[in-house]
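Asks: The lines below spell out each chain.
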Amino acid sequence: MGKVSITLQNTDEGRMLVDAIVADNPAAEVSRMPALTKIDCEDRLSLRRETIEERIGRRYDLQELQLSLISLAGNVEEDDDSFTLAWSRGASPKHS
Amino acid sequence: MNAMPPLKQRKLSLKERYSHLTRGLGWETTYQPMDKVFPYVSYEGIKIHDWEAWEDPFRLTMDAYWKYQAEKERKLYAVIESFAQNNGHLNITDARYVNALKLFLTGVSPLEYSAHRGYAHVGRHFVGAGPRIACQMQAIDELRHAQTQMHTMSHYNKFFDGLHDARHMHDRVWYLSVPKSFFEDACSAGPFEFLTSISFSFEYVLTNLLFVPFMSGAAYNGDMATVTFGFSAQSDEARHMTLGLEIIKFMLEQDEGNVPIVQRWIDKWFWRGYRLLGLVSMMMDYMLPKRIMSWAEAWEMYFEQAGDALFEDLSRYGIRKPKYHEVASKEKHRLSHEVWSIFYNYTHAAAFHTWLPTEDEMKWLSAKYPDTFDKYYRPRFKCWSEMAAEGKRFYNPTLPQLCTTCQIPMGFTEPDDPTTICFRSAEYKGERYHFCSDGCKDIFCYEPEKYVQSWLPVHQIYMGNCGGAEVKDVLDWYHLNFGVDNFDYEGSPDQKLWDEWQAQKAANPV
Amino acid sequence: MTIDIRTATIQPRRQTYANVARRIGADKPASRYEESMFDMQATGEFHYRPTWAPEYELFDARRTVIVLDDWHVLRDPRQFYYGTYTITRSRMMEASEKAFAYAERRGSLSAVSDQWTELARHYLLPLRHYEWGANMNNCNITDIGFGSAITQAAMFATMDRLGIAQIVSRIGLLMDGGTGTSLTAAKQDWLEHPSWQGLRRAMEDLFVEPDWFQVFVAQNFALDGILYPLVYRAFDDEGQKQGGGAISPLTEFMLDWFDETSRWVDAVMAAAAKESEANALHLSDWAASWTARARQALEPLATEVLHDREGEVLDGIVDDLAARCRKIGLRA
Ligand SMILES: [Fe+2]
Ligand SMILES: [Fe+2]
Chain A
91 MGKVSITLQN TDEGRMLVDA IVADNPAAEV SRMPALTKID CEDRLSLRRE TIEERIGRRY
151 DLQELQLSLI SLAGNVEEDD DSFTLAWSRG ASPKHS
Chain B
3 MNAMPPLKQR KLSLKERYSH LTRGLGWETT YQPMDKVFPY VSYEGIKIHD WEAWEDPFRL
63 TMDAYWKYQA EKERKLYAVI ESFAQNNGHL NITDARYVNA LKLFLTGVSP LEYSAHRGYA
123 HVGRHFVGAG PRIACQMQAI DELRHAQTQM HTMSHYNKFF DGLHDARHMH DRVWYLSVPK
183 SFFEDACSAG PFEFLTSISF SFEYVLTNLL FVPFMSGAAY NGDMATVTFG FSAQSDEARH
243 MTLGLEIIKF MLEQDEGNVP IVQRWIDKWF WRGYRLLGLV SMMMDYMLPK RIMSWAEAWE
303 MYFEQAGDAL FEDLSRYGIR KPKYHEVASK EKHRLSHEVW SIFYNYTHAA AFHTWLPTED
363 EMKWLSAKYP DTFDKYYRPR FKCWSEMAAE GKRFYNPTLP QLCTTCQIPM GFTEPDDPTT
423 ICFRSAEYKG ERYHFCSDGC KDIFCYEPEK YVQSWLPVHQ IYMGNCGGAE VKDVLDWYHL
483 NFGVDNFDYE GSPDQKLWDE WQAQKAANPV
Chain C
109 MTIDIRTATI QPRRQTYANV ARRIGADKPA SRYEESMFDM QATGEFHYRP TWAPEYELFD
169 ARRTVIVLDD WHVLRDPRQF YYGTYTITRS RMMEASEKAF AYAERRGSLS AVSDQWTELA
229 RHYLLPLRHY EWGANMNNCN ITDIGFGSAI TQAAMFATMD RLGIAQIVSR IGLLMDGGTG
289 TSLTAAKQDW LEHPSWQGLR RAMEDLFVEP DWFQVFVAQN FALDGILYPL VYRAFDDEGQ
349 KQGGGAISPL TEFMLDWFDE TSRWVDAVMA AAAKESEANA LHLSDWAASW TARARQALEP
409 LATEVLHDRE GEVLDGIVDD LAARCRKIGL RA
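These protein sequence lines are chains A, B and C, in that order.
Going left to right, the first sequence walks through residues 91 to 186 as my numbering numbers them.
Going left to right, the second sequence walks through residues 3 to 512 as my numbering numbers them.
Going left to right, the third sequence walks through residues 109 to 440 as my numbering numbers them.
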């Protein structure tokens, strides 16, 4: 497979998101650089809205993620409750 | 009048809401034929059977777009404002750093603008509403990037040289034809190739190498304004990168016949983008007073590792890694040194200053490039610094030969021999054309009728199209202030002023 | 750490970028609009002809018959750059969100009479397709228009029209309980109902019109200039009388937007007309012929909603448009 990755700004909200990601994905590896934090994880990484809301103490819309994101690698799957990065979303190509 | 009973309002999920608000907006035209309304979607040979199969994972509607983007802008302009009010430029590590900004504003910001227009083109001409909206959002985002960069750099322009006429320089100055031709190559291609080149190859595969080290470097060097615009722009980038990956998968899933076309574009645009990033490599290794990571490390992290995962994922469609990726990896220990050497040799004709690395900096370079730096480049820098000490600072007096494809002066070495300059050439309609590499030669040979049009700065000077025959005439035509914008940092007006500020700072400790 | 340096030594060495100084003078700082708008687009030293239009350069002034010496006269009186644009729209949208939240919470649309609901579904919801067409036309101007002044404002207009299409769609979702059936029916109307065909045909003709400045006049001046006052003012007034008042707060955005945007549209046409008699003539011709066509296209709908007042209302709107024409130096 390979690693998916997400990079966030080192802002208050960014740090809180890093925290939430680590909580939701124990296998995540965190590297901190000046002004940004990069998180890598084998195959997939998922972030749940609830985990963020527990930390932030208010309703959180996952689209707010866009305010803190710097970069990502992997296929994105987003719905109301979670934001997921994964490789090999579909099992095999579906040619029409 | 009998009023209806109150309607039970279902709470729509993000996905449902997006689909109601977006899908179905377009229609099959009948008063004008579809192929006249959308004339550019078939000439590249890409076959799309079902535009509705497009899935936009971010599902952004305009209400949310305005809301989040306005919030980003409010934050960003607060920082820009306070940076100007507090003379934030005095907090950077060293004025040499500003030369990276000069390269950025003249080399990259105009590309943001070109991207804005390029995405507007695709945003008009794609058939499906989903991909068109994604392109339109990127079109306006890229305008944002161009504008916020002008606004952030506006303060630097008031205090430093070389930032005063970015668009004019971008269109004319010899080394800026590298980024200019890169982007015009993309914008002059069809809509599918444009997205492959910019959204996928550039944004998805390579852009991390430009923005992440550059912004991290800005933070490390005390430039909070640039960090802020950079990250604010990058927050749009996640959406853009996703468009890049989605469009590739969309083309690959729609028709098997698309696979070889897409592969050829990936090969071409990987190499084209990689050559462009040569400018970034020297910025990282030579232009940041405090360095974050070396070019080689960045290449390993952002291309070799991330690229492995990506291309493994795409292999199920029959896509392989871009051709010549192994050449790029072979070059990673020499790229930045070779590019910086070119600029050191031609600094009299550049709109930013150069210098030789200090002993400390050379130590860092030796440590980062143990196999190459001490062997090939340290002796070269030592020789140049001795010449400078004797008052014979080395300038290359002859105009360089440029690669017809990437337009960089011939200064790259053979993939397997770092001591021999790599030359390739090809004939087309009785004329001989020159290239820096097999990658650039292949690109030319596939579409020679395109690349023979290249506006090659050196040829243009010889043809008398650049203000005159003397270097000073040409520099005038570039709007480059002779003796101010060019030559070594040592002795420049930038340095003089910076040293005065530093002296004042020392005299007035707070 | 604060830095204390005598202000004398940190006097700016220049006030603004050189290209801006060449236009407004080097002795004063420039506005944000000026610094981020002027000369952003390349005008020469192009490398390759576009494979999709090899007869032109990548950006080419010859894509319209309008001729200007300096394309930056097409300035936006709102002085929008991206930041001020998004902040303005997000404020307007905030007000609309309140109206939607209220309508949703109170179910206020269910107070609208059946008859008027029926009519509103028919005259209002298909406009999401008209807006999508207007999005396409403005996107086309952004693509092949010349100079950053007009193209950046056209980009903002592009996104505005998508935003308005989505507001219209949300009204539909309020009417159908979130099922989307009203939107499907509206598309059917747009594609097949005789009352809508004149407008749809005009839009499709604009999609293939090569002269972008003509598209600008037809879409942003003539079609909008009749449709907006007709639908969002006259139809809305009629609705107030017929128990449809609850819809009005939901279309407030469109009225504010139209007032604001008309200023830009007029300023652009006025600047182009001022430059030459030939320009003024083209613009006058386009304005006249597209106004006539817009009126004709909207007559059937106006009759359905306003009945015998249709002629009088449209006359009034066309007169207003003619007054706008005269004000900006066109013959009308
Ligand atoms: Fe950008
Ligand atoms: Fe090359």
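I should point out that these hints are in silico values taken from the structure, not numbers from a laboratory.
Everything numeric in this text was worked out from a predicted model, so none of it was measured.
We put the CB at the ideal spot given by N, CA and C, even for glycine.
Hints may contain errors.
Unchecked claim - In silico DSSO-like cross-links for lysine-lysine, where the CA-CA straight-line distance does not exceed 30 Å:
id	chain 1	residue 1	chain 2	residue 2
1	B	Lys365	B	Lys323
2	C	Lys295	B	Lys507
3	C	Lys136	B	Lys77
4	C	Lys206	B	Lys17
5	C	Lys349	B	Lys69
6	B	Lys49	C	Lys295
7	C	Lys295	B	Lys17
8	B	Lys332	B	Lys507
9	B	Lys443	B	Lys292
10	B	Lys332	B	Lys370
11	B	Lys69	C	Lys136
12	B	Lys498	C	Lys136
13	C	Lys206	B	Lys13
14	C	Lys206	B	Lys77
15	B	Lys13	B	Lys49
16	B	Lys334	B	Lys384
17	B	Lys365	B	Lys452
18	C	Lys295	B	Lys38
19	B	Lys323	B	Lys452
20	C	Lys136	B	Lys13
21	B	Lys365	B	Lys384
22	B	Lys334	B	Lys292
To be verified - Derived coverage of chain B by chain C (criterion: at least 3 residues anywhere in the stretch with Cβ under 8 Å from a Cβ of chain C; other residues may be distant):
id	stretch
23	113 to 124
24	174 to 186
25	369 to 379
26	430 to 444
Asks: If a hint holds in the structure, say so; if it doesn't, say that too.
Replies: Hint by hint, here is what the structure shows:
| no. | hint | in the structure |
| --- | --- | --- |
| 1 | B/Lys365 with B/Lys323 | 35 Å, violated |
| 2 | C/Lys295 with B/Lys507 | 69 Å, violated |
| 3 | C/Lys136 with B/Lys77 | 26 Å, holds |
| 4 | C/Lys206 with B/Lys17 | 22 Å, holds |
| 5 | C/Lys349 with B/Lys69 | 35 Å, violated |
| 6 | B/Lys49 with C/Lys295 | 27 Å, holds |
| 7 | C/Lys295 with B/Lys17 | 21 Å, holds |
| 8 | B/Lys332 with B/Lys507 | 45 Å, violated |
| 9 | B/Lys443 with B/Lys292 | 37 Å, violated |
| 10 | B/Lys332 with B/Lys370 | 15 Å, holds |
| 11 | B/Lys69 with C/Lys136 | 34 Å, violated |
| 12 | B/Lys498 with C/Lys136 | 25 Å, holds |
| 13 | C/Lys206 with B/Lys13 | 17 Å, holds |
| 14 | C/Lys206 with B/Lys77 | 24 Å, holds |
| 15 | B/Lys13 with B/Lys49 | 37 Å, violated |
| 16 | B/Lys334 with B/Lys384 | 22 Å, holds |
| 17 | B/Lys365 with B/Lys452 | 44 Å, violated |
| 18 | C/Lys295 with B/Lys38 | 22 Å, holds |
| 19 | B/Lys323 with B/Lys452 | 25 Å, holds |
| 20 | C/Lys136 with B/Lys13 | 54 Å, violated |
| 21 | B/Lys365 with B/Lys384 | 13 Å, holds |
| 22 | B/Lys334 with B/Lys292 | 20 Å, holds |
| 23 | 113 to 124 | holds (count 6) |
| 24 | 174 to 186 | holds (count 5) |
| 25 | 369 to 379 | violated (count 0) |
| 26 | 430 to 444 | violated (count 0) |
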